Amino acid sequence: MARLGFASRLASADRCLFGTWVKIPALEPVEILADAGFDYIVIDQEHAPLTFEFAYQATVVAQGAGMSVLVRVPDRSGSHLQRLLDAGVDGILVPRVTSVDEASAAVRQMMFSPGGDRGIGITSRAGRWGGLDRAEYLRFGDEEVLRAVQLEERAAIEAVDDILDVPGLNGVFLGMGDLQLSSRLPSSDPELQKLVDKLLTAAQTRGIPAGTAVQTPAQAREAADRGYRYVMVSNDTSLLRSAASDLRSSI
6 MARLGFASRL ASADRCLFGT WVKIPALEPV EILADAGFDY IVIDQEHAPL
56 TFEFAYQATV VAQGAGMSVL VRVPDRSGSH LQRLLDAGVD GILVPRVTSV
106 DEASAAVRQM MFSPGGDRGI GITSRAGRWG GLDRAEYLRF GDEEVLRAVQ
156 LEERAAIEAV DDILDVPGLN GVFLGMGDLQ LSSRLPSSDP ELQKLVDKLL
206 TAAQTRGIPA GTAVQTPAQA REAADRGYRY VMVSNDTSLL RSAASDLRSS
256 I
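Numbering (the numbering used here), first residue to last: 6 to 256.
Just to be clear, a hint being listed does not mean it is correct.
[Said to hold, decoys possible] Label-pair restraints from in silico Cβ distances:
1. T128 / Q224: 23 to 33 Å
2. Q198 / S104: 21 to 31 Å
3. A248 / Q224: 10 to 20 Å
4. I37 / A160: 37 to 47 Å
5. Q62 / T242: 12 to 22 Å
6. L32 / A248: 28 to 38 Å
7. D106 / S254: 43 to 53 Å
8. G232 / W134: 36 to 46 Å
9. T56 / T128: 39 to 49 Å
10. E141 / R189: 16 to 26 Å
11. V65 / Q198: 32 to 42 Å
12. L190 / A16: 28 to 38 Å
13. G135 / A31: 29 to 39 Å
14. S247 / P119: 24 to 34 Å
Don't read these hints as lab results, they were simulated from the structure. Note that the structure is predicted; figures quoted are calculated from it, not measured. C-beta atoms are modelled at their ideal positions from N, C-alpha and C, and glycine is treated no differently.
All chains should be built: construct the whole structure from the sequences, respecting the hints.
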């Protein structure tokens, strides 16, 4: 497989990678985001009504246009992981992980034996329909795919050192919105910022790329300066709404 997997892109990049969420079930926004120069998209199955079929089609279009594709699955049950990995996505975000056991269960489903329980599907798109060498197919699946857990509750952040020591985990994502909700603290509160620093320090110590989501370019630059390696900026629906609102106001 000629393309570089997202885990390797993060490891080799000399800057933070910037992407955005996809929530609209149409392929045109995917092409527009690629033309705009985003490094990757995140197909949001947790907070948008996006089906597996759409995720599959969007993955083909986005990768063909030069973007990497991550998918935020609907929940941490693991029921969606195998098919998305067979579809050839570049990474998975598993939401609302709160413990070592939950992180371990998610990661194992995304890795081949002996490190995990992922089934071999070399005749799928991930295996280039059987055209990929078996050894390369297994290597790509275990080494190139991003396996990230979303830490969104105070208890999860406080246990971040143990969670990030889960074998095979190679990405972490901070869900700031839900962290504020669970901690009942605003983003500017020093106590909450200590939790953020704890996550970033734990990730940097282990060489695990940390990501987060923001709304504005200024926030994106700040996140990159703080040490995040991949940052989602806004989303396709908000970008459309903002542009439409600005246009209508100008009229």
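A quick look at each hint next to the structure:
no.	hint	verdict
1	T128 / Q224: 23 to 33 Å	violated, 43 Å
2	Q198 / S104: 21 to 31 Å	holds, 23 Å
3	A248 / Q224: 10 to 20 Å	holds, 19 Å
4	I37 / A160: 37 to 47 Å	holds, 39 Å
5	Q62 / T242: 12 to 22 Å	holds, 18 Å
6	L32 / A248: 28 to 38 Å	violated, 19 Å
7	D106 / S254: 43 to 53 Å	holds, 50 Å
8	G232 / W134: 36 to 46 Å	holds, 39 Å
9	T56 / T128: 39 to 49 Å	violated, 22 Å
10	E141 / R189: 16 to 26 Å	violated, 48 Å
11	V65 / Q198: 32 to 42 Å	holds, 40 Å
12	L190 / A16: 28 to 38 Å	holds, 33 Å
13	G135 / A31: 29 to 39 Å	holds, 31 Å
14	S247 / P119: 24 to 34 Å	violated, 48 Å
Violation of the numbered hints given earlier is confined to hints 1, 6, 9, 10 and 14; the remaining hints are satisfied by the structure.
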